[in-house]
Amino acid sequence: MGKSAEEITVVMGVIGADVHAIGNKILEYAFREAGFNVVNLGVMVSQIEFVEAALETAADAILVSSLYGHGEMDCQGLRELCIEMGLGEILLYVGGNLVIGKTSFPEVEAKFKKMGFNRVYPPGTLPETAIRDLLGDLANG
Amino acid sequence: MANNVLLVDIGSTYTKVVAVDLDYPKILGTASAPTTAATNIREGLFEALKCLTEKTGTTSYAESYGSSSAAGGLKMVAIGLVPALTAKAGKMAALGAGAKVLKTFAYELAASEVDEIQQLEPDIILLCGGTDGGNKEVILRNAEHLAGLAGEFSVVVAGNKAAAKEAAEILEASGKQVRLCENVMPQYNCLNVEPAQAAIRNLFLEKIVQAKGLSEVQRFIGNPLLPTPRAVLQGAELLARGTAHQAGLGDLLVVDVGGATTDVYSMAEGAPASGVVLRGLQEPYAKRTVEGDLGLSHSARSTLEAVGRKKIAALTQLSEEEVEENLLLLEKEFSVSFSKEKEAVRNCLTYFAVKLATERHAGKIETIYTPCGPSFIQTGKDLTGIKTIIGTGGPLIYSSDPASLLAAARRSQEAALKPEGGSLYLDRSYIFAGMGLLSQKYPEEALALLKGELEWLG
Chain A
1 MGKSAEEITV VMGVIGADVH AIGNKILEYA FREAGFNVVN LGVMVSQIEF
51 VEAALETAAD AILVSSLYGH GEMDCQGLRE LCIEMGLGEI LLYVGGNLVI
101 GKTSFPEVEA KFKKMGFNRV YPPGTLPETA IRDLLGDLAN G
Chain B
142 MANNVLLVDI GSTYTKVVAV DLDYPKILGT ASAPTTAATN IREGLFEALK
192 CLTEKTGTTS YAESYGSSSA AGGLKMVAIG LVPALTAKAG KMAALGAGAK
242 VLKTFAYELA ASEVDEIQQL EPDIILLCGG TDGGNKEVIL RNAEHLAGLA
292 GEFSVVVAGN KAAAKEAAEI LEASGKQVRL CENVMPQYNC LNVEPAQAAI
342 RNLFLEKIVQ AKGLSEVQRF IGNPLLPTPR AVLQGAELLA RGTAHQAGLG
392 DLLVVDVGGA TTDVYSMAEG APASGVVLRG LQEPYAKRTV EGDLGLSHSA
442 RSTLEAVGRK KIAALTQLSE EEVEENLLLL EKEFSVSFSK EKEAVRNCLT
492 YFAVKLATER HAGKIETIYT PCGPSFIQTG KDLTGIKTII GTGGPLIYSS
542 DPASLLAAAR RSQEAALKPE GGSLYLDRSY IFAGMGLLSQ KYPEEALALL
592 KGELEWLG
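As given, the protein sequences belong to chains A and B, one line each in that order. Sequential numbering from 1 applies to the first sequence in my numbering. Sequential numbering from 142 applies to the second sequence in my numbering.
Don't take every hint at face value.
[What the hints assert, rightly or not] In silico BS3-like pairs for lysine-lysine, Cα to Cα no more than 27 Å straight-line:
#	chain 1	residue 1	chain 2	residue 2
1	B	K483	B	K505
2	B	K505	B	K244
3	B	K481	A	K3
4	A	K3	B	K582
5	B	K216	A	K25
6	A	K3	B	K306
7	B	K348	B	K302
8	B	K348	B	K582
9	B	K167	B	K191
10	A	K102	A	K113
11	B	K302	B	K451
12	B	K483	B	K473
Honestly, the hints are just simulated from the structure, not real lab data. Only a predicted model underlies this, so the values are computations on that prediction, with no experimental measurement involved.
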């Protein structure tokens, strides 16, 4: 059996110089309603802030949002930083408008998975999808 | 004479005493004498009391309260997990308790760091790490490391609630004096420093007072001794918040320039202005910082180095050699009598001690240019709205122009969020610590006296 939502801590936030706050609030609300312990870092969050918050709170997953199209640059090296800081294979999810232009989603997904993200979500994904995936990933982990 | 109260501060160099008549209320007199830590602290205290009696004619007091920073003050090290989170929270808790924080450590301690702690010989170690529900391993590992320290050490454990008890047991099993209390950071970025500070105060009374040869003074005074900076902080908080029957002055800043350090206290929430994003640890309303490299005697040289010798020479219109000569005089002894040149160097260094210490204390604002336009990020406290700035400490008190030196606490071009304006006051009779002590039982009288004693500078 995996953990229940009440036993799971997630760190979330909007990475880089991105100030889009609304989706972040909705995501926080949905995860709290589902029973998770949520550490919401808000907007304009640096990689090191994500990792330090996850380390101090012993988080089970880091949920990264990026809405302004610079996600690829902002997210590079996050997995390596986790490994360096002793978080190793902590679950990393990313979602939003991750790249500018007409790159197809399978390409985007492949790119971010190669960077070490466990789940990659296209625009318009509902919080329930990520919640279901997280419970499943932790049960199988 | 039933309503006379005696307030004693055993400082590192001077023992200061204040006699207060609670009926008016009014200050009957103040006196001081060199602290006699090398022989018996009681001698210096009795000398100061003799001077006080000569001034006031009073020998009987209904009550006495005391503080001490003698014999090195309350020396502490703080240990946490992440430097910007629980390690910083631990440091802020210790500073607010009135401690001199020798060093702050983060993550699992290295063997060399454990050796370093052994050599630093702190009076108290504050062990933190992990939010409640967060990381447990590191605080437990660090408890094991600290258990290996030789000698008598006192430890306050204020980390993850699920691991703190076990950490305390590991330390107790090795013969350490341990106090277990609530987490300094129960949730991410939320400070809870008061329980750790209460535990530090208790340990200070039970262990440290005796270890530092203050037991006799403690018995003479009859009430619990406080670390001096804690007494100053309580005085500042009283003045800002007011009491049940009197309004306080609201948000304020206190700058205490000393021989070895410059201490800054801010009493303000310091919340960001609208449209500004706050990053990093939320800081406490009553915040104290200590700058160990800024001071006018022991630290005069490092203050000069922080500013630059050429700049000091240019500003004082002295040659670099003359600056050096006067610096040597300042380092040797802080005395009240001065040559014109020494006064110029001292004033110049005091100005920069105030300027740099308040810059480091205040929050910072940074503009980030994003694809959506400029954004403003604040770290620390926004003190721009503070209307009251109070200076204290010898270099300010004995200056011929304290107003222009203290004005360095105001914001000029810096990114630091210092007060934009605000009135300047001087605590000329150095009664902040005394009124902090008095406020423990007589807040109304202490506040009235504080308000009456502060000298308006402009």
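Hint numbers contradicted by this structure: 1, 3, 4, 5, 11
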